[in-house]
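Single-letter residue listing:
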Amino acid sequence: MKNNIPKIGIYELTGCAGDALLILDCEEELLDIFQAADIQSFLMAKSDNIDGALDVALVEGSVTTETEVEELKDIRQRAKIVVAIGLCATAGGLQARFTDPREWEKNLELVYGHTEMTHRKAIQSKPIDAYIDVDFYLPGCPISKEQFLNFFTRLVGGSPPEKYPRPVCVSCKYNENLCLLKQGLPCLGPLTADGCGSVCINHNLPCLGCWGPVEGANAVSEFYLLKDKGFDTEFIKKILANYSGTKTPTFFDQLEKERA
Amino acid sequence: MKRISVDPLARVEGNGGISATIDGKAVTDVKFTINEGPRLIERLTVGRTPEEDVSMSPRICAICSISHKNAVLRAMENALSVEVPPKVVLLRELMHMGEMIESHSLHVYYLALPDYVGFPNAIAMASKYDLEVKIALEMKHFGNHIMKVVGGRYIHGENPVIGGFGRFPAEKELYWMKSRAIQFMPFVFKTLNLFCELDYPDCPEDGTVYACCDPGNEAYGFWGDEILLSTGERFFRDDYKKLTNEFIVSHSYAKRSRFNGKPYSVGALARVNVMGKRLKNESGKMYKKYFNDRWKTNPLFHNAAQALEILYCFERIPELVDEIVQHSEDPAIVPYKIKEGAGTGLVEAPRGLLIHHHEVKDGLVYHVDIVTPTAQNAEDIERYCYIAAQKLLDSGKKEDQIRDRLELVVRAFDPCISCSAHMAKVKKAPTDDWKNKLKRIMEKHSPVFIGVGCPDLSDDGVGIQLALELRKHGNNCVFLESEIEEDETLWEGTADRPLIFLDAIDFNEETGKVTLLSMNHVLINAPLSHKFLPIVSGLMNYKTLKNAYLLGIQPLSTANGGEISPPVRKAMKTVLHELLDGMNLN
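So the protein lines, in turn, are chains D and Y.
FYI, in this note's numbering the residues of the first sequence are 1 to 260.
FYI, in this note's numbering the residues of the second sequence are 1001 to 1586.
Please keep in mind that the hints were generated in silico from the structure rather than gathered at the bench.
There may be inaccurate statements among the hints.
[What the hints assert, rightly or not] Straight line, CA to CA, 30 Å or less: simulated DSS-like cross-link-like pairs of lysine-lysine:
#1 Y:LYS1242 / D:LYS106
#2 Y:LYS1134 / D:LYS7
#3 Y:LYS1172 / D:LYS173
#4 D:LYS145 / Y:LYS1128
#5 Y:LYS1337 / D:LYS238
Isolated chain D, as found in the complex (with noise of 0.2 Å):
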């Protein structure tokens, strides 16, 4: 029946739901979304679902058990295109924060004690990158609705998405806000990628870093800066990691590389 319009499956991994909830958050476009595109998966939204072919899967969460590896071969080797939605799939969300194996262990231990777990096994907490290759990005702790319907409908034009190499502190200066570092909170806005349209600065509040490291990011200079308005090394260091990831490690190597 619907010949000419690309098949798009949206899939969630392990996270809150909340870039797929996003997605039906779009009330205004929602009944165009699903006339544009021939949505053949999308588990929260419809029961009637086939896994077939795709020209586009969308996947949110991050790989937390082996299940979710299988399944997240099975969605590559089925589609033309896989695009890594909201910061879990980017960057392995909050939950990659132990990055040491063996501090991840323990907390799982320290959660769900020594029961031996029937269900499916766990594993650390990746981005699919990890696992499989990955098309496009689309970050954010959620997507934005802006930023997906922009990407969305590039894609059912046939167009390759846009992409976003700018910093927080660009939709910040459009907004006219004061910066917040100048006025001594520790704001991430120059380390992350933009798509929020500066919300958390908009409302006097910091820049928490939830849509992960923008390209080319300069963590020396923003460390340096957070130093000189009292911040210690520890609170910085974990301000960094909180919502960056498996991409932490690159604002470390930058740190390691100006010390040596």
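Following the hints, put chain Y in place on chain D, whose structure we already have.
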């Protein structure tokens, strides 16, 4: 043996499943599983500052992100003794109304309604139910709009912080919300009538204990400092563990809860059952019009209760706006000091009681405990699915009919799997599955056996006979029903070991057929529970119950004075063989 399973379950928030195992004419096992992996959120914020914790822990869940935010804020402000001004409290309630409207309208229209009108999803439903789909979209959009204006974003808004808000919304935005809420009223009533007058099936029906927060002042509301149960019992916020008693099951990464050893329910239906009488104005009138005894026992009425709460929220928004504008002088944020302390925050998320407990030491978060509504509902979801499956099986329903009903039941609870961690299947399991199950039990620990029955009643003597045979083969951990009745101390020291009851049980099958049931299911299956309740009550606590089983053989006759019939004798030999094999494993 057959297995009915829906996995993954569609049209729920997150990834989970439900499965039921059917052995002949008995449902032997029901499992509600959560397929998402563990995220260890409670450990992620340990060692972070209280402010980082407030931003990070609500990311457990997108659908309930405002509820999590309000819960962590209440916990943290209790821990740090922060008093926030009235305008802050009222605005937090306003954004909570936004989430309730958004989540309830999404659930009743998008996720639940397609089942009742025979469509696979809400978009397909739009071809016939154009107006309903539009109402749903508009209503959901309104809820989202409130969350964005007050909380900063649709999902994971960062504007609410310890001590207040980063920035207050403009008054003209609030007046717009008020007028929109009033304008929308006719559609709210349409929603209420639709969901309160839906033809809900009468299976499953059974009583349960309902729990929710008590807002105090005999008011209806979505947070409070006490938990109130339908039994009238109350717990102060810090004593929440007296209700939840969390434990872990091996088939899910979500923890489970029971109260007094029994499942309980939380959510919109729990709230309406516990405090529906407190509803005023139009929602009070509608409560009187629609509430009846079926709401007390049938979980499918969750959808009706949600529709009633949508009306409550739409009535509350204009009141809240009027109150908020009277406090125009209040500061957006009050200063506070970080100190050592522990605090608990109780709120009603759309799908039920949400508990956050956070402890701060040396300026950093030291311990976090979060109990989510779906984790609390999981045991009752399994129980109701069991009741539904057994009843439909008894009335001769087919597998796919059972599967559809299980899906309906799970979905009615509006489970939020991200919070706890999609859901229902019907599969055929190999025959003689009891052998594998038995092997798995015996591999771990050598069990304690209890022979049940009466040797004078023909086949009913098979349990005792089996026990005696085991003893003959040198197993010391075998007791007879009569022995444990006389001396309860016999049980001492066996607490960690699995218990297996041996008995002749009528499960409507061919004579001599064997089944292995978990004791939990025996106790909620009426004819069997009458026999077993007196034996196990008082002797077993819940922990042992989880590890107790009934190995039963279908008798031919239990007439007075007869011999054990040949098919039962044959089955007995097979069972004995398996048991002795298992014993050698140890």
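Hint check results:
no., hint, verdict
1, Y:LYS1242 / D:LYS106, "holds (27 Å)"
2, Y:LYS1134 / D:LYS7, "holds (25 Å)"
3, Y:LYS1172 / D:LYS173, "holds (25 Å)"
4, D:LYS145 / Y:LYS1128, "holds (28 Å)"
5, Y:LYS1337 / D:LYS238, "holds (21 Å)"
Going down the numbered hints, you'll see the structure goes against none, and every one checks out.
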